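Engineer: Residues per chain are reported as follows:
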Amino acid sequence: MRSYSNTYIFIFSSIMVIIVAALLSVAAITLQPYQKKNIEINKKQNILTSINIESTAKDAEALYEEYILESYTINYKGEVNKAGDAFTVDMKKELAKQIEERNLPVFVSSLEETKQYIIPVYGKGLWGPIWGYVSLKDDLSTIFGANFSHKAETPGLGAEIDTKDFQLRFLGKEILDEQGRFVSVSIVKGGTADPNSKYEVDGISGGTITSNGVDAMLKDCLSSYKPYFKTIKQAMPEIDIENVSEPVSN
Amino acid sequence: MSAEKEPLFSGKNLKLLTEPLNDSNPITVQVLGVCSALAVTVKLKPAFVMALSVVVVMAVSNVVISLLRKTVPPRIRIIVQLVVIAAMVILVDQVLKAFLFDISKQLSVFVGLIITNCIIMGRLEAFALSNKPWQSFLDGIGNAAGYGVILLIVAFFRELLGSGTIWGYKVIPESVYDFGYENNGLMILPPMALIVVGAIIWIQRAKNKKLVESN
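These protein sequence lines map, in sequence, to chains A and B. My numbering numbers the first residue of the first sequence as 1 and each following residue consecutively. My numbering numbers the first residue of the second sequence as 1 and each following residue consecutively.
Worth double-checking, as some hints may not be accurate.
The list that follows gives simulated cross-link-like pairs (lysine to aspartate or glutamate, DMTMM-like), each with its CA atoms no further than 20 Å apart [unchecked claim]:
id : chain 1 : residue 1 : chain 2 : residue 2
1  : A       : 36        : B       : 102
2  : A       : 43        : A       : 59
3  : A       : 37        : B       : 93
4  : B       : 105       : A       : 66
5  : B       : 97        : A       : 40
6  : A       : 58        : B       : 102
7  : A       : 44        : A       : 59
8  : A       : 151       : B       : 102
9  : A       : 43        : A       : 79
10 : B       : 105       : A       : 65
11 : A       : 37        : A       : 65
12 : A       : 198       : A       : 113
13 : B       : 170       : B       : 182
14 : B       : 170       : A       : 54
15 : A       : 189       : A       : 165
16 : A       : 44        : A       : 79
17 : A       : 44        : B       : 102
18 : B       : 209       : B       : 19
19 : A       : 164       : B       : 182
20 : A       : 43        : B       : 102
Here are a few chain B residues that face chain A, going by a calculated C-beta distance under 7 Å [what the hints assert, rightly or not]:
id : residue
21 : 76
22 : 83
23 : 87
24 : 90
25 : 97
26 : 98
27 : 100
28 : 101
29 : 103
30 : 106
31 : 191
Output of the computed footprint for chain B on chain A, the stretches with three or more beta carbons under 8 Å from beta carbons of chain B [what the hints assert, rightly or not]:
id : region
32 : 5-15
33 : 18-24
34 : 35-43
The hints are simulated quantities; they were obtained by calculation from the structure and are not laboratory data. These numbers come from a predicted model, not from an experiment. Virtual Cβ for every residue (Gly too), placed ideally from N, Cα, C.
Please work from the sequences and hints to get the whole structure.
Structural biologist: Pasting the structure below:
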């Protein structure tokens, strides 16, 4: 076997690395627009699923245009920000900020002649991030639909959160109690949820950490919208009388 | 270098292509690359894309390594092999993300894990480093196809019995379900892939006596 000098090995590896790096950068740059487009369509599909509309990669954009009326971001006081595009907000980055600096996205859709408010949620699963969209009916308490996705949860266990079966469990649950206080929906141990409770959902047996992650994610993310919910409710007096007795001060 | 020119598809070359399909199949005989065979065979479509990706990665990296075989310093040959495979895998991954986003989502980390697929490293080390590009190309295609065929067979049965579909289309009519038939949930879980692979090995050995150890 021929022996090679260290210089040769060094030059050989340098050239190899440079060629490979150049090749991969060119590929990454040329393919990026397509990949971005795919991610965007995927996001639109997820938002549509949260209001219970099935879409394919082809019709997602048209359906999104049809059903999503508007989208905007709000601040921690619940005021709508003038600037800012809700669609491009990265929840991960927003949640890392102080609450005062967060831009919280809201998507408003129109179905069955009422409005739905779609709130993005983002949290931690067992192996990586989990995220999703929760849509609320116009009483801002009843869950109209939910969609969850995950990066790397265990297949067959935690990964079940992205199945219809799990997401349908949230339908009709409420995040405000009878006094209008924020209670969120709790995810309890699989099979133990009280079927009459409006605030409990069965978790996934064997996917406890992921289920807890969804639970924490809903509490964290939805609670930052409390002030906003209040502002909207005040704009709708008829619901105020029905549901909210008196804002609890404590 | 031998002066005589061998025809492109001589018997010996064809053997490189066909042998891995049966007598030296990477999964059922050499038992390499089993991990990904368990993971991506729930449905036929991702399995097909996975098999195709492996064919591309394997054929190209075999050729590249074979072309470089006289210049690669033996001391860093494993690193060189890894760089070539990794570069190919990243390229394939990027292309999937751009044009087959849904499937790329289903395959998730497993495309990246092609890098660690023992079949590829094994063929580079055992074959491409000491053979000419054309033979290496055939060897790569052959071995990847041997891997892919098993993947598709396993995926076929898992999708049929686990989800009642083939290639995403429903094949088991609704009336059968009305009679009380249910999809076998176990088929979707990884252990069942191992059992299906085991069954394939069993059938293959029953048919092919060459593979049966004599002791």
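Engineer: Hint by hint, say whether it matches the structure.
Structural biologist: The hints, checked one at a time:
1. A:36 <-> B:102: holds (13 Å)
2. A:43 <-> A:59: holds (13 Å)
3. A:37 <-> B:93: The hint holds at about 16 Å.
4. B:105 <-> A:66: violated (26 Å)
5. B:97 <-> A:40: holds (12 Å)
6. A:58 <-> B:102: holds (12 Å)
7. A:44 <-> A:59: holds (10 Å)
8. A:151 <-> B:102: holds (14 Å)
9. A:43 <-> A:79: With Cα atoms ~25 Å apart, residue 43 of chain A and residue 79 of chain A exceed 20 Å; violated.
10. B:105 <-> A:65: Judged against 20 Å, a Cα distance of about 24 Å means the pair is violated.
11. A:37 <-> A:65: holds (16 Å)
12. A:198 <-> A:113: violated (24 Å)
13. B:170 <-> B:182: holds (14 Å)
14. B:170 <-> A:54: holds (18 Å)
15. A:189 <-> A:165: Since the Cα atoms of residue 189 of chain A and residue 165 of chain A sit roughly 16 Å apart, the hinted pair holds (cutoff 20 Å).
16. A:44 <-> A:79: Status violated; Cα separation ~25 Å.
17. A:44 <-> B:102: holds (14 Å)
18. B:209 <-> B:19: Satisfied, since the Cα-Cα distance of roughly 15 Å is no more than 20 Å.
19. A:164 <-> B:182: holds (18 Å)
20. A:43 <-> B:102: Holds: residue 43 of chain A and residue 102 of chain B sit about 12 Å apart, inside 20 Å.
21. 76: holds (6 Å)
22. 83: With Cβ-Cβ at 6 Å, under 7 Å, it holds.
23. 87: holds (5 Å)
24. 90: holds (6 Å)
25. 97: holds (5 Å)
26. 98: holds (4 Å)
27. 100: violated (9 Å)
28. 101: holds (4 Å)
29. 103: violated (11 Å)
30. 106: With Cβ-Cβ at 11 Å, over 7 Å, it is violated.
31. 191: Violated, about 10 Å.
32. 5-15: It holds, with 4 qualifying residues against the three required.
33. 18-24: holds (count 3)
34. 35-43: holds (count 5)
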